[in-house]
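Chains as they are written, first to last, in full-length UniProt numbering: chain W, 1 to 284; chain P, 1 to 284; chain H, 1 to 284; chain A, 1 to 284.
Among the clues, some could well be false.
[Claimed, not checked] Using 27 Å as the maximum straight-line C-alpha spacing, the simulated DSS-like pairs for lysine-lysine come out as follows:
(1) A:K272 with A:K2
(2) W:K69 with P:K14
(3) P:K96 with P:K148
(4) A:K203 with A:K279
(5) H:K87 with W:K96
(6) H:K96 with H:K145
(7) H:K3 with W:K266
(8) H:K3 with A:K14
(9) P:K14 with W:K2
(10) H:K74 with A:K14
(11) P:K2 with P:K96
(12) P:K14 with W:K78
(13) W:K272 with W:K78
(14) H:K14 with A:K69
(15) W:K272 with W:K74
(16) H:K263 with W:K203
(17) P:K266 with P:K14
By construction, these hints were calculated from the structure, which means they are not laboratory data.
Protein chains: 4
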Amino acid sequence: MKKAILIVQCPDQKGIVAHVSDFLYKYQGNILEVDQHVDEEIGMFFMRAAWELESFGLEKDAIGPTFEKEVAGKFRMKFDLYFNFPKPRMAIFVSKLSHCLFDILSRVYSGQFDVDIPLVISNHLDLKEVVTAFHVPFFHIPVDKSNKKDAEKQQIALLEQNNIDFIVLARYMQILSSDFINHYPNQVINIHHSFLPAFVGAKPYHAAYERGVKIIGATAHYVTEELDAGPIIEQEVARVRHHNTPADLVQIGQDVEKVVLSKAIKYHLERKVLAYRNKTIIFY
Amino acid sequence: MKKAILIVQCPDQKGIVAHVSDFLYKYQGNILEVDQHVDEEIGMFFMRAAWELESFGLEKDAIGPTFEKEVAGKFRMKFDLYFNFPKPRMAIFVSKLSHCLFDILSRVYSGQFDVDIPLVISNHLDLKEVVTAFHVPFFHIPVDKSNKKDAEKQQIALLEQNNIDFIVLARYMQILSSDFINHYPNQVINIHHSFLPAFVGAKPYHAAYERGVKIIGATAHYVTEELDAGPIIEQEVARVRHHNTPADLVQIGQDVEKVVLSKAIKYHLERKVLAYRNKTIIFY
Amino acid sequence: MKKAILIVQCPDQKGIVAHVSDFLYKYQGNILEVDQHVDEEIGMFFMRAAWELESFGLEKDAIGPTFEKEVAGKFRMKFDLYFNFPKPRMAIFVSKLSHCLFDILSRVYSGQFDVDIPLVISNHLDLKEVVTAFHVPFFHIPVDKSNKKDAEKQQIALLEQNNIDFIVLARYMQILSSDFINHYPNQVINIHHSFLPAFVGAKPYHAAYERGVKIIGATAHYVTEELDAGPIIEQEVARVRHHNTPADLVQIGQDVEKVVLSKAIKYHLERKVLAYRNKTIIFY
Amino acid sequence: MKKAILIVQCPDQKGIVAHVSDFLYKYQGNILEVDQHVDEEIGMFFMRAAWELESFGLEKDAIGPTFEKEVAGKFRMKFDLYFNFPKPRMAIFVSKLSHCLFDILSRVYSGQFDVDIPLVISNHLDLKEVVTAFHVPFFHIPVDKSNKKDAEKQQIALLEQNNIDFIVLARYMQILSSDFINHYPNQVINIHHSFLPAFVGAKPYHAAYERGVKIIGATAHYVTEELDAGPIIEQEVARVRHHNTPADLVQIGQDVEKVVLSKAIKYHLERKVLAYRNKTIIFY
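All chains should be modelled from the sequences, with the hints used to inform the complete structure.
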């Protein structure tokens, strides 16, 4: 089914829901989902509406300009319009760990994710065989202190050649430069292996073990310039006990990581995530 | 803050959201919450809207008739209108176990529940002291096979004298007659101490122990004629292990029961529960 | 590290722990794990001990007879002795769904499961490509009403030729005969896509949807003659909401299924599961 | 049932379990629970054993000296011996919030906690009525910057007069001095309203809201000199969404706090908690 998704954001005031729903009704949109949220603290209104395109009274290209003229202009709205065709194009960055990669590829295989994966990029060769077994092109771009800038240039070139819409860091163990991140604002999803904001940075499972926590977690977030501090998309936790070693925590945590990352990808793919003020609204 | 809550239900068709939100906009309603749900299987549309009454352009008594005339009539809508004043009046039925009762009373004490409790009814005297310590009138109505009909007559008389809106069975260990239940359709909330539909009936923790389950649960539901088979409002679970005895399960389960029951009461109080087809829509 | 695992079961009485630990101390066993459980209801004692074999004072083959003579005989103990070498040999049965299969194979790939998989058997061809991509032999044995007995004969022949220790039904959608099951008592692990004992049998997600539950689950259990009624090894749940369709439940549930099944396999591989009286003791 | 609990801690070596269980067997102890743990990182062994005193071959007072002579001395063991009689004596400190207090009192009422509560101390008068309704003496000791030292002197005097064994800070909003804490090492249990180590200090729910986390939590821990940094006894979490205000988080969190604190009290009462290296071993 071909559908359109409208994401709206504006200062809160009376009549917004009425005007947006009048617009969809006027052109005979068959609404699939509508969700709204008001952030009372800052007086902002957010809305997401999805509707079927078939039998809708406006051509795909006319929807944006018409909505701008008839509704958005009156309410100082910022809005984005998405369509579920062509399929979004996702790049995956990995290092050596396979659990998140496998989980994503198996969901694509089974049809759970409606996405194209034109390429996987890695700074190591370890996962090449896995990726190619799934018939996905694999690019090896080694990264070290001396060549980081260069490596990112190569990565960006590949991403642009392949018209990549968003990037998933599936336990990619390199920190991206601000430059890279600014190319893809709120389009780079990372999985961090702790329950943020606890245990920012390297070796969070070891830090969790040292602190003696009874629950560990994982956090999927959009990457921003500050390390592990971007808008949180999804989190999940698992219980651990005193007899669990750091190696146990790594293993228990991996089951959480892969589920959290896949949920975040799913929300992102369905345009259910609105990032603002370093937080996210998730319309699930 | 004085507010109105509108619950709408009708066959799904285009324009419903537009018409309802136009109505609220026309009379300058400051919308607090709007949620909708379409059951695709049966083609039914459900909506809940809450708005501030202050500065709303219709008097309290005029809202229903005006909405009927301007909107509901056109869409064959069934609708209900609620106001958060005066406070809803809740009766509690208990037997001997105190954990759910305490939890409810402590939430009323701390202001978490905006509700009046004109009375507690019990078939035993055990909890009289607790109830009176909270300055709530306690009525002892013993129930056995021979006097059940009579006992229910007394109960209903008390409920009617006290203008009770809804009833919470906080581990009340008697089965209510169909007659009683039909007096209060979707207004009697029960907590069953299992993860329904598993372990219907008496002694569910013992049955769970016998079956060797690894997780136990509790279920809050509206009471219907069929035992433990009414619309489920909320469920929650807790993990158990092989060394837990039936007595442990009872204790672990009580923590789940009280949380589940209190959530169900909260949803009911805020009119966030719509029961239909023996299920519930929960707009939380 | 080479290790031995001793599982003991006997009527409860004083001195059992003392005698078993004296035995391990006498032969200089470096104990890795000891766990015990008493079922008070039936007066039975259960124990699991794991220790390093290197520097142990008895040859591998002498441990059983010596333990029998010095300890087990005195306490009417039944005991089993396992070693983590050679690796256990696991067969996987699948039908068309890939999520559990992928999850297991990816854990073997990453070294999380210390197991050999000599073969995968399926009644369909759909997953052949996946399996062979992991370099695991795939056998297609179609099953229908007319050839069931024959098909099982072929399956058992393959299992015996390959010295299979235990079998995982990774969403294998055929019911095994009593005959088959009796070949592998407590050695066939199934994943059922409901929170047993709720929703036994076919289409549990649809049944859960119809009943309007707020939480769904999955159950890993040993297969016995009665359908979905064998000893439960592990269960887990996930929250669902009124807007989730049966198709959503299937998808949400698959994430639960794969985690539950993998935990059950892990417990089984480490000999941490004791099945008795249609329940399990899990020493994790 | 009268029982003894032995907690043992020593450098790990072969034969410890054998010697301790031989000791209990020799004097005909009916073992109820035995658990052990080895911290491989630091080579330390920990053990907890509980047994019935009736028919045990040593008088209550002779157990410690005999165990010292026959076992502990040989292994450089530190050990503690506890009995479940007389009942432990617990003091509760509160400020204005009632949810944890109610939860504890209702568990004592229903017999879930086998404990005496000789007094509740508060820096406010708000909860006096609740406490006295439960027939527990209430002491009001106001605290401000100028009188803190004096107030603690009064508190300690009351605790000592009442032979208090341990103290529960049930949302007591004052920081105790090092002096006070050193009087009660690992005997002061606090509930912190965040998932530590995230959101140390004041207003953690507001900090969690600002950070946009998807899950909040609560942590029960022993109080040490460093704020919110003592050994963690128990943690639990709850899911929150973008529409939850800080006030919602407070309310959702309170349900978690009371469950976590009560579990920690229960573990402590049953001597199932061993604190060392700023962590805890929990033998549940």
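To see whether the hints hold, each was checked on the structure:
1. A:K272 with A:K2: Holds: K272 of chain A and K2 of chain A sit about 17 Å apart, inside 27 Å.
2. W:K69 with P:K14: Holds, at about 22 Å.
3. P:K96 with P:K148: holds (18 Å)
4. A:K203 with A:K279: OK: K203 of chain A and K279 of chain A at ~25 Å, within 27 Å.
5. H:K87 with W:K96: holds (25 Å)
6. H:K96 with H:K145: Answer holds: K96 of chain H to K145 of chain H is near 18 Å, not above 27 Å.
7. H:K3 with W:K266: violated (43 Å)
8. H:K3 with A:K14: Holds - the C-alpha atoms of K14 of chain A and K3 of chain H are around 16 Å apart, at most 27 Å.
9. P:K14 with W:K2: Holds, at about 18 Å.
10. H:K74 with A:K14: holds (24 Å)
11. P:K2 with P:K96: violated (38 Å)
12. P:K14 with W:K78: holds (25 Å)
13. W:K272 with W:K78: Since the Cα atoms of K272 of chain W and K78 of chain W sit roughly 16 Å apart, the hinted pair holds (cutoff 27 Å).
14. H:K14 with A:K69: OK: K14 of chain H and K69 of chain A at ~23 Å, within 27 Å.
15. W:K272 with W:K74: Holds, at about 25 Å.
16. H:K263 with W:K203: holds (24 Å)
17. P:K266 with P:K14: Status violated; Cα separation ~32 Å.
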